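Protein sequence lines correspond, in order, to chains A and B.
All residue numbers for the first sequence refer to UniProt numbering, where the first residue is 1 and numbers rise by one.
All residue numbers for the second sequence refer to UniProt numbering, where the first residue is 1 and numbers rise by one.
Simulated from the structure, these hints should not be mistaken for laboratory data.
Possibly wrong hints are sitting among the right ones.
What the hints assert, rightly or not - In silico negatives: residues of chain A with every beta carbon more than 12 angstroms from chain B:
| id | residue |
| --- | --- |
| 1 | A12 |
| 2 | M38 |
| 3 | V134 |
| 4 | S143 |
| 5 | V262 |
| 6 | R268 |
To be verified - In the DMTMM-like style, the derived pairs of lysine to aspartate or glutamate whose C-alpha atoms are separated by at most 25 angstroms in a straight line are:
| id | chain 1 | residue 1 | chain 2 | residue 2 |
| --- | --- | --- | --- | --- |
| 7 | B | K90 | A | E213 |
| 8 | B | K73 | A | E213 |
| 9 | B | K118 | A | E213 |
| 10 | B | K82 | A | E213 |
Just so we're clear, the structure is a prediction, and the values are computed from it rather than from any experiment.
Even glycine gets a Cβ: it sits at the ideal position worked out from N, Cα and C.
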Amino acid sequence: MLLFTASRALRAALTILFVMTFAFVVLRLSGDPALLIMSVDAPPEAIKAFREAWGLERPIWEQYLSYIGHAFTGDFGKSMRDGRPAIDLVMERVPATLAITLPALALKVGLGIPAGVYAALHRNSFADRMTMAVSVAGFTMPSFVLALLLVLLFSVNLGWLPASGADSPTYAILPIITLGASGAAIMARFTRSAMLEVLGQPYIRAASAKGVEWRRVISHHALPNAAIPTVTIIGFMIGSLVAGAVVVESVFAWPGIGRLLVSAVANRDLAVVQAILMVIATWMVLANFTVDMAYGWLDPRVRGTAAAH
Amino acid sequence: MTAPLVEVTGLTVDFERDGRSSRAVDGVDLAIAPGEALGIVGESGSGKSVTWLAALGLLPARARVGGSVRIDKQQLIGAAPKVLEGVRGKRIAMIFQDPSSCLNPVHRIGWQLVEALKLHRGLDGAAAEAATLRLLDQVGIADARRRLGDFPHQLSGGLNQRVMIAMALAGEPDLLIADEPTTALDATIQAQILALLASIRRDTGMALVLISHDLGVVAENVNRVAVMYAGRLVEEAMGQDLFGAARHPYTQGLLAALPTLTGPRRRLAAIPGTVPEPGKAPPGCAFAPRCPLAEPRCQSEPPPVRHVGLMHRAACHLQIDVGVSAWNLPRAAE
Numbered sequence: 001m002l003l004f005t006a007s008r009a010l011r012a013a014l015t016i017l018f019v020m021t022f023a024f025v026v027l028r029l030s031g032d033p034a035l036l037i038m039s040v041d042a043p044p045e046a047i048k049a050f051r052e053a054w055g056l057e058r059p060i061w062e063q064y065l066s067y068i069g070h071a072f073t074g075d076f077g078k079s080m081r082d083g084r085p086a087i088d089l090v091m092e093r094v095p096a097t098l099a100i101t102l103p104a105l106a107l108k109v110g111l112g113i114p115a116g117v118y119a120a121l122h123r124n125s126f127a128d129r130m131t132m133a134v135s136v137a138g139f140t141m142p143s144f145v146l147a148l149l150l151v152l153l154f155s156v157n158l159g160w161l162p163a164s165g166a167d168s169p170t171y172a173i174l175p176i177i178t179l180g181a182s183g184a185a186i187m188a189r190f191t192r193s194a195m196l197e198v199l200g201q202p203y204i205r206a207a208s209a210k211g212v213e214w215r216r217v218i219s220h221h222a223l224p225n226a227a228i229p230t231v232t233i234i235g236f237m238i239g240s241l242v243a244g245a246v247v248v249e250s251v252f253a254w255p256g257i258g259r260l261l262v263s264a265v266a267n268r269d270l271a272v273v274q275a276i277l278m279v280i281a282t283w284m285v286l287a288n289f290t291v292d293m294a295y296g297w298l299d300p301r302v303r304g305t306a307a308a309h
Numbered sequence: 001m002t003a004p005l006v007e008v009t010g011l012t013v014d015f016e017r018d019g020r021s022s023r024a025v026d027g028v029d030l031a032i033a034p035g036e037a038l039g040i041v042g043e044s045g046s047g048k049s050v051t052w053l054a055a056l057g058l059l060p061a062r063a064r065v066g067g068s069v070r071i072d073k074q075q076l077i078g079a080a081p082k083v084l085e086g087v088r089g090k091r092i093a094m095i096f097q098d099p100s101s102c103l104n105p106v107h108r109i110g111w112q113l114v115e116a117l118k119l120h121r122g123l124d125g126a127a128a129e130a131a132t133l134r135l136l137d138q139v140g141i142a143d144a145r146r147r148l149g150d151f152p153h154q155l156s157g158g159l160n161q162r163v164m165i166a167m168a169l170a171g172e173p174d175l176l177i178a179d180e181p182t183t184a185l186d187a188t189i190q191a192q193i194l195a196l197l198a199s200i201r202r203d204t205g206m207a208l209v210l211i212s213h214d215l216g217v218v219a220e221n222v223n224r225v226a227v228m229y230a231g232r233l234v235e236e237a238m239g240q241d242l243f244g245a246a247r248h249p250y251t252q253g254l255l256a257a258l259p260t261l262t263g264p265r266r267r268l269a270a271i272p273g274t275v276p277e278p279g280k281a282p283p284g285c286a287f288a289p290r291c292p293l294a295e296p297r298c299q300s301e302p303p304p305v306r307h308v309g310l311m312h313r314a315a316c317h318l319q320i321d322v323g324v325s326a327w328n329l330p331r332a333a334e
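Only chain B is shown next, with the shape it has when bound in the complex (with noise of 0.2 angstroms):
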């Protein structure tokens, strides 16, 4: 692998309420090469968005952030403002779940776009319009002169997802997390937008990290996928790795719970029971109490990530072999 443009240690992040502390993310380590691919896939609450708020200290201020989060030698955890705002759309950009919501209603379109393309190209009046144009159309927006003077509730959320990346493209950023692009779109706007995404990856080589609940999306989108649950990574794989060859008991049963286009018609499995309440992670292994092999010092210790094979790491107690699924084993607390 490469020299990694993002680097990911040890990352934590402590939610404080009522004096109290709660845990969301915990010990996260993640690399991104240049011009990446990686997909973060996990249930809400898996921390999977918060560690990337917390890189870019988009955090509101009761939360306690921990590790070191790296684009190229640069630390952002605990950065000056300065020093963040200089990274944010400019060498990481973001976009978010609901387009709609992530526009300012009382701003026009075409005001959001030339307010990114002043803060991070300088441009203004005459340049920046013509800039403004560039991206739209580059985002597939048809009649681009007469949505820069609407306001985001006149565009439908395709339109304004479209909007937010053209905004997120304005910096030419070295790497861009979309949070749950599609998840408030349409089933063929959201196949549209994912396209878009990997079109603007293939013209420009940005990385890409795609956060989402949907292994289904994820899959077709990405080189690498990264698994989360309870605020830690569980099991991290190249696609087709995972995909065919999935380790940790929590990936097996996400892949089991996934209907088939071909083969042979079977129950869906679902996982049972349901993901721990943050700060309410149980000592050892988060899964545990859902897993199908916990054993004992799953409940006490939690387990290392571990190699288990080429670009694949999985953190669990139990070695399962390329081809076992957990999920069909004998249960060994029975």
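With the rest of the complex left out, here is chain A (with noise of 0.2 angstroms):
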């Protein structure tokens, strides 16, 4: 078990290093900062003397190898716009996205999780067909079309919430209506077919042959079987906690990574895309472990052949 903790830890930190890679040399090969921050029509000392600055003019190997260096010292470079560590910048957005995904998390998961569960248990009913129908509406719809009938509805013609902004809690409402909404339908569509695949199973069969009241069938034997393939679902929707609500963000004006992340690459501000992209793949990286721990947890079959490895 704890040579099996040190291997996904290991190619955990793997993956960030590669992501960290990867968005060094796009970024580097994708546009020259110095023309954008400087304005094209700058006179070319100050360009120069920006990419001095900026260790810009050196190879970009040489660059690479500072970057990483430093990173492992937690330092992941300031800021080309105001000079401040990349780092804090992102952390200080952190809260502001959490507030609107982590409710939204809880919506998708309360709400589609009994929905998937009952329109299985219900299949072909009507209350099926409308759980199922909604539900490719919600998946189907971008979330920017949503947010902005959402908008349409709720701030322009019954002016009960504010369209954009976070000057109070009542703005986070719409995000996260926004965000929940298309996370319920998934999360509903795929509780309701691990529901059937589960109820199909022999052992469901032979519970009830068994004596055991459907109810008791339900929640005892049939749901801690579709909890299984559901927790995959629902890390990958723990791991975009952090990095899911870019278009949301930027929709409603809500200060979070998201919108930071838009107006970075915007601004060619090399060192905070890249400390954005660190944090959100090291928080899927966290996010799939635990996912990876939780099966262990449900599955006794997994929990075998971890222990084995």
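Both chains are sitting in their own frames, so use the hints and assemble them into the complex.
Shown next as structure tokens:
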């Protein structure tokens, strides 16, 4: 088990390193930040001075080694815009993002799982068809479309909720609903099919044949098994807690990581983009790791193989 | 025959799919006496399992079940869920073909056994554990205490079937339905499981319905045999009568397909053709298209089940004499 955890940790570290390298190389190949930040008609001396100040004139491998070396000490460079440490800029946006993505996650799980279970238990009923129709609408609609529809309804027509900004908790409501709705739809579909798959298994019939009452067959025999594939989706959603709100944050002018990413990319603020990607990658890797651990806890068959590793 | 423990009368099962319905069980009559062992033989799709799943209300909602199944005086067809839950496991227990997938993969063996004991005997805690160990001992599982903490995937198929049997015994049922209990197991394990079922029956006096597609499995383990074909009962007799003096061409065909250990070597005969698909059985005798003796009325009129001897029934228009095989007679059609 210790070996298993250690190998997972090593793989996690390699994944993060790979993301950092990739981001570094691509950002440097895709244009010169000096021209953008200084503007094209800045005097050549100024541009040269800017490049020297940020080490942009050095060979790329040298820049890379220095970046990785500093990263190990927790220094991810400074923002080219305002000179503050990039990682600080990123971390101070995290709470804002989590303030909408965490409630959205609760909405996805809290609404999606019961809806999916209900639909599976009442397969082909009117309620099942309605749930699935709503869910198709929910996850085929792009989030910016849903966001605009919600704004139209609740802000423009009804005037109940603010359309953009982040001045009070009410500003979070529409972003949360936008994020939660599509996730709940995905969750409902996935839970439904996981549940249907489990309900068709011989052990469900065997449990009934044993005399177990149907409610208990569902709660003690079906749900624990259906939870296993469902955890994959939840893990994926946890993974996107940090980075999953780029579009929604932009639409609602919500000051989270997503909006920072958009502006940093537009401004070619290399250090900030790199820091954001690093944070996202780390979070994803941690989420995956947690899911793997959860599998072991939920599914004794996986536990066996994990121990054997 | 003493008063039957379980009596099946005119049982029908129709499966509805896409607005069309197909008949899987077509008017089956069967009776099982207390403590008796009845074998039910038939190819897959002959309705032998569906008959018993229907009796216990274990079929999916799209199945329409008609007729009657009584245990003592209790009607099971159309009974309330509460009634059925009281019968399942407690009066009629059932074990299935693939034991490893019939045990819940996320629960320990001990947990699953205790669940049954709690349900049927109200046992809990230490009493339940003691009873669990006794059950595992009864089904011949060595090192029972350690097995309680195992998950089904850690045990072999044979062990899992023993666990299933132990679980079925938890309710001290009057009747155990064993639906192809050895089909998924190795031949040696198969013999052990069948011997175990026989010894449990001796010890507890419970009745047994052994469902199998294998005449050999059935022959050694039951008193009476019922043969099913395409959802209907075609022949029913005491074991020795069926194997010695089968009267239905289908049963005779099945027997001719079995090799014998003694006597001269002979070619094993196969029955030509295939079983009709569910819902596509001919209007008359379902076996008529494959029967060497089929006559015009066989195609149009379903044959009634008739007594052809002492406790021997067969559903055939032609009264084939004892000792005559349909497969050796000159072809009627030719």
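We went through each hint and held it up to the structure:
1. A12: 27 angstroms, holds
2. M38: 61 angstroms, holds
3. V134: 24 angstroms, holds
4. S143: 35 angstroms, holds
5. V262: Since the minimum Cβ distance to chain B is about 44 angstroms, V262(A) lies beyond 12 angstroms and the statement holds.
6. R268: 51 angstroms, holds
7. K90(B) / E213(A): 13 angstroms, holds
8. K73(B) / E213(A): The given pair, whose Cα atoms are some 23 angstroms apart, holds under the 25 angstroms limit.
9. K118(B) / E213(A): 13 angstroms, holds
10. K82(B) / E213(A): With Cα atoms ~8 angstroms apart, K82(B) and E213(A) stay inside 25 angstroms; holds.
Consistency with the previously given hints is maintained throughout, with no hint failing.
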